[in-house]
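With the hints as your guide, set chain D onto chain U.
Chain order of the listed sequences is U and D. Position one of the first sequence corresponds to residue 1 (the numbering used here), numbered consecutively onward. Position one of the second sequence corresponds to residue 225 (the numbering used here), numbered consecutively onward.
Hints were generated in silico from the structure; no laboratory data involved.
Stretch by stretch, here's where chain U covers chain D in the computed footprint (C-beta under 8 Å, at least three residues):
no., stretch
1, 363-375
2, 380-391
3, 453-462
4, 519-525
Yeah, the Cβ is synthetic: ideal placement off N, Cα and C, and Gly gets one too.
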Amino acid sequence: MNELGKIYQLLIPVGGHTMVFNLDAIIMSWLVIIILIVFGFFAARKKAMLPGSLQLMGELIVSKLFQLTEDALDEKLAPKYAPLIAATFMFMLLCNWIGMIPHLSEPTKDLNTPLSMGILGFVIAHHAGIKAKGFKVYAKAYFEPVFFMMPLNLIGEMAKIISISFRLFGNIMGGSIIILVVSYLVYNILLPPLLLAFFGLFVGAIQAFVFTMLTVVYISVQVK
Amino acid sequence: MAYDVQTWINLAAYVGGGLAMGLGAVGAAIGEGYTAAQANEALGQNPEMSGDVFKSMLVGQAIAESASIFALVIAILLLFVNPSAPSAITASSLFGAGLCMGLGAIGSGVGSGIPGGQACLGIVRQPAAAGKLTTNMLIGSAVCQTPAIFAMVVALVLIFIDYSNAPLFPTWAALIGAGLSMGLSAIGSGMGGGFAAGASCEGIARQPESAANVTTTMLVGQAVSQTPAIFGLLISFVLMFKSHEASTTLSASMALLGAGICMGFGGIGPGIGNGMAAEGAVRWVARNMSHAGELMRIMLVGQAVSQSTAIYAMVISLVLIFVL
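Just chain U, same shape as in the assembly (with noise of 0.2 Å):
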């Protein structure tokens, strides 16, 4: 059970400060960015219009993200965050089913990789919101009702990126403690693969899905 809680860690010391990388999270998560540069180098390597399998899976995913963003946002504003959205589902998606395979795990079971994506979108989301409304209207947001509540709205603004990346922390680290504990407690027999199946593919495919929905609907709160 020693595993339980466990980081490789780099540590390199920088004139009195330590600088620390999580090694399995920054590898893993190249892993994934890879895999997904390969995925889409053949699947638009060869456009046709009878598609191939790649590129018929491509088209399916960036469709269906497309229409989904459109829904939330609007068509003049869609092209423009749809690729966004789009690599923000794949790359979660990976992300979460890549700890299936033996030997690898999870980047988002650190809760580095939810947190930088969290404030990724969260940056985004307001910068689209101060272009589409100007600065003044955004700012007054923020002191309504009453003035005073303005520390309270700017804490709620804060929360919305504690939230969504802990959502996703929590469900994906949840999900392989949960899966080591009960393989410790039954010597790997039979529970694991089912265990796998609902947290790994199910639980990490809806979680992706989540993250990738609160993105858009932040961005569109904002701009509305």
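For chain D alone, kept in the frame of chain U given last:
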């Protein structure tokens, strides 16, 4: 009467195990009863479909049961656990684990029974949409389990992580506080997620073409109604993994215990309230598909306001932990 450490640990483990299973049995039974009640109503409306209704009732109940199965696992672990480094803190961590899992299973049990019941009614109302309804019910009630899963994670961490090097005061209070924070705050979120999932099954039965929109709105609504449970998880993690300074005064311990209680109770209401907002939005997305985007936006803004009370609770908890 002076007891040795082992006696205290056994005492805490047995009481914790009893609490885990006893409290954990509450929610799932209510949820399953609700499913059965709706199935009976559905049967009364159309007795010819008894086979389908019976099947989906059993599936719905099986999922609602999983919250109490989590509690059963934790209870059995607590009864037979053999801590590697027994110390006085182990007693409080085992008690906290039992409390956390027992309370945490209540909400998810009640919540995940609701979509099962609505799916039974929906199958009778719209037999052609049975496939879509079953898929939606499975997704909805599985997402309802998230707060119970969080509670199970906190309970497992409390059972298996070794705290014997931490100072007894105030760590004992922090560990029980962690259990209370996660367990209590999971109650509201579990129920709230169930409201949204139930409304989505009803909506798909009313308007099967809207299934994709309804499921998306349901997932977003459920995700936001789980936010109080996520705040509870955050406070639990801070309480469990922050290294607390040794302090023999009672106030330091009570501040940490109070932080857990504050976040726990503070999360119940917003979870239920957010679920109601999501329920309304999901129901009306099915009736008025062309305005799904607007409905979702208003739902989110409303939920953000109803959530603010959970945020106040989180702020006070963090102040209790870090400032006092």
